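In case you want the letters, here they are:
Number of protein chains: 2
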Amino acid sequence: MRGVEQTEQELSAVEGRSAQKRRAILGAAREVFLESGYASASMDDIAAIAVVSKVTVYKHFADKRTLFIAVVTGAIKEAEESSQSLVGSLATSVDVEKDLRDFARQHIVLVTQPHLVQMRRMIIGEANRFPELARTWHHAGPERGHAKLADQIEQLARRGLLQVADPLLAAQHLNYLILSVPVNEAMFRSRGKPYSRRQLQRYADEAVRVFMAAYERR
Amino acid sequence: MRGVEQTEQELSAVEGRSAQKRRAILGAAREVFLESGYASASMDDIAAIAVVSKVTVYKHFADKRTLFIAVVTGAIKEAEESSQSLVGSLATSVDVEKDLRDFARQHIVLVTQPHLVQMRRMIIGEANRFPELARTWHHAGPERGHAKLADQIEQLARRGLLQVADPLLAAQHLNYLILSVPVNEAMFRSRGKPYSRRQLQRYADEAVRVFMAAYERR
Numbered sequence: 001m002r003g004v005e006q007t008e009q010e011l012s013a014v015e016g017r018s019a020q021k022r023r024a025i026l027g028a029a030r031e032v033f034l035e036s037g038y039a040s041a042s043m044d045d046i047a048a049i050a051v052v053s054k055v056t057v058y059k060h061f062a063d064k065r066t067l068f069i070a071v072v073t074g075a076i077k078e079a080e081e082s083s084q085s086l087v088g089s090l091a092t093s094v095d096v097e098k099d100l101r102d103f104a105r106q107h108i109v110l111v112t113q114p115h116l117v118q119m120r121r122m123i124i125g126e127a128n129r130f131p132e133l134a135r136t137w138h139h140a141g142p143e144r145g146h147a148k149l150a151d152q153i154e155q156l157a158r159r160g161l162l163q164v165a166d167p168l169l170a171a172q173h174l175n176y177l178i179l180s181v182p183v184n185e186a187m188f189r190s191r192g193k194p195y196s197r198r199q200l201q202r203y204a205d206e207a208v209r210v211f212m213a214a215y216e217r218r
Numbered sequence: 219m220r221g222v223e224q225t226e227q228e229l230s231a232v233e234g235r236s237a238q239k240r241r242a243i244l245g246a247a248r249e250v251f252l253e254s255g256y257a258s259a260s261m262d263d264i265a266a267i268a269v270v271s272k273v274t275v276y277k278h279f280a281d282k283r284t285l286f287i288a289v290v291t292g293a294i295k296e297a298e299e300s301s302q303s304l305v306g307s308l309a310t311s312v313d314v315e316k317d318l319r320d321f322a323r324q325h326i327v328l329v330t331q332p333h334l335v336q337m338r339r340m341i342i343g344e345a346n347r348f349p350e351l352a353r354t355w356h357h358a359g360p361e362r363g364h365a366k367l368a369d370q371i372e373q374l375a376r377r378g379l380l381q382v383a384d385p386l387l388a389a390q391h392l393n394y395l396i397l398s399v400p401v402n403e404a405m406f407r408s409r410g411k412p413y414s415r416r417q418l419q420r421y422a423d424e425a426v427r428v429f430m431a432a433y434e435r436r
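Those protein sequence lines, which keep their order, are chains A and B.
Our numbering puts the first residue of the first sequence at 1, with every later residue one more than the last.
Our numbering puts the first residue of the second sequence at 219, with every later residue one more than the last.
Since the hints were derived computationally from the structure, they do not count as laboratory data.
Hints are supplied without guarantee of correctness; some may be wrong.
To be verified - With a straight-line Cα cutoff of 27 Å, these simulated DSSO-like cross-link-like pairs (lysine-lysine) come out: (1) A/21 - A/98; (2) B/366 - B/411; (3) A/64 - A/148; (4) A/148 - B/411; (5) A/193 - B/366; (6) A/64 - A/77.
Unchecked claim - From the structure, some residues in chain B lie toward chain A, with a derived Cβ separation under 7 Å: (7) 274; (8) 342; (9) 345; (10) 394; (11) 428.
Here the structure is a predicted model, which means the values were calculated and not measured.
Cβ atoms here follow ideal geometry from the backbone N, Cα and C, with glycine treated the same way.
Pulled out of the complex, with its shape left as it was, chain A reads as follows:
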């Protein structure tokens, strides 16, 4: 029995080291992709920064494309998880305007994070050469986000709190009312001054005001 326990401990230590290496590779890849763009990013650089061998990189990720998709979906997932609790509880809200405002304020801060803005810029720029990557981003990001928000909006409409003919379009309206000004500016002003939290809050609050005026049940 003692031998088996030891083996299990050893196995879990190997797994731990492997997970650690995987995290290091993902961190290094994110850095290199953001710095060099997808096409110019080198797997050698990524291995060097992660302090692992190139063989180890390829053991975890079959090719650059796979690694890139893991980086992108990881970044989106990270941002999503932070807003998950707020979005998921909208349907049962008893103060829709307040709860939408809380969501909007958090959402705008998350999405305008510099590394996400930069990743977005890069993916748009490469959309012709790498249409699959752009589709992956769009699917994991805006599409899923809109679908989840639409689901909550539909439930609010069923509870008689909103009046919504097309929940998906309503979700898109809300999302783009919140994000469009800072995200679009960020696309074109790569080295612009970042928005203050107060400015972002104002965009969020005004977005919710417009949304409620159009979609609240009267």
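Place chain B on chain A using the hints.
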């Protein structure tokens, strides 16, 4: 006197040929930039497609940057001139909702034209390497567009037809309500099916509905 007249005729013929060459260069440049991206675009290719010498290209445009800016501002100006009459007459509208809808329907068709979408994608992708080009686009396009629309909205508010605390933000809300869904999708789906005119009309109409709900004076 006759000699002078001839000289003038000759001069104007030279000017005509020069203007023609300039147009040919701009057309060729647009094609090459959209095909190759800014960084890879070659002045040799542009001269060849325009059927002029490289010296002629440089006589008209000092460098690739200048040529690119001329292409970009030309494309934006073209789209702007088409919607100019509609935007410019909004302030004196007697049926704001209807006139905004006419504007929105035309605006969305203009801005989602494939060459503009592709130029936008390219400029975003190059915003880190060529921040000046991105600023030029943003200034000539969305910034000017928002300012002009804000001016009309402010006049409508003064006439008591809209209730607007911040005309610029109201203009941005209207613009992004109209454009965000198709333009954002187009950024990430480079080879997606284009929107039907009917779909675009629906985005335009719903944008105006939301805008009026939030900004109409009650």
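Checked hints:
1. A/21 - A/98: Distance ~43 Å between residue 21 of chain A and residue 98 of chain A Cα, so the pair is violated.
2. B/366 - B/411: The given pair, whose Cα atoms are some 32 Å apart, is violated under the 27 Å limit.
3. A/64 - A/148: Cα-Cα ~30 Å, so violated.
4. A/148 - B/411: 24 Å, holds
5. A/193 - B/366: 24 Å, holds
6. A/64 - A/77: 20 Å, holds
7. 274: Cβ of residue 274 of chain B sits 30 Å from chain A, so the hint is violated.
8. 342: 5 Å, holds
9. 345: The hint holds - residue 345 of chain B has a Cβ within 7 Å of chain A, the shortest such distance being about 4 Å.
10. 394: Status holds, d = 4 Å.
11. 428: Where the cut-off is 7 Å and the nearest Cβ of chain A is about 4 Å from residue 428 of chain B, the hint holds.
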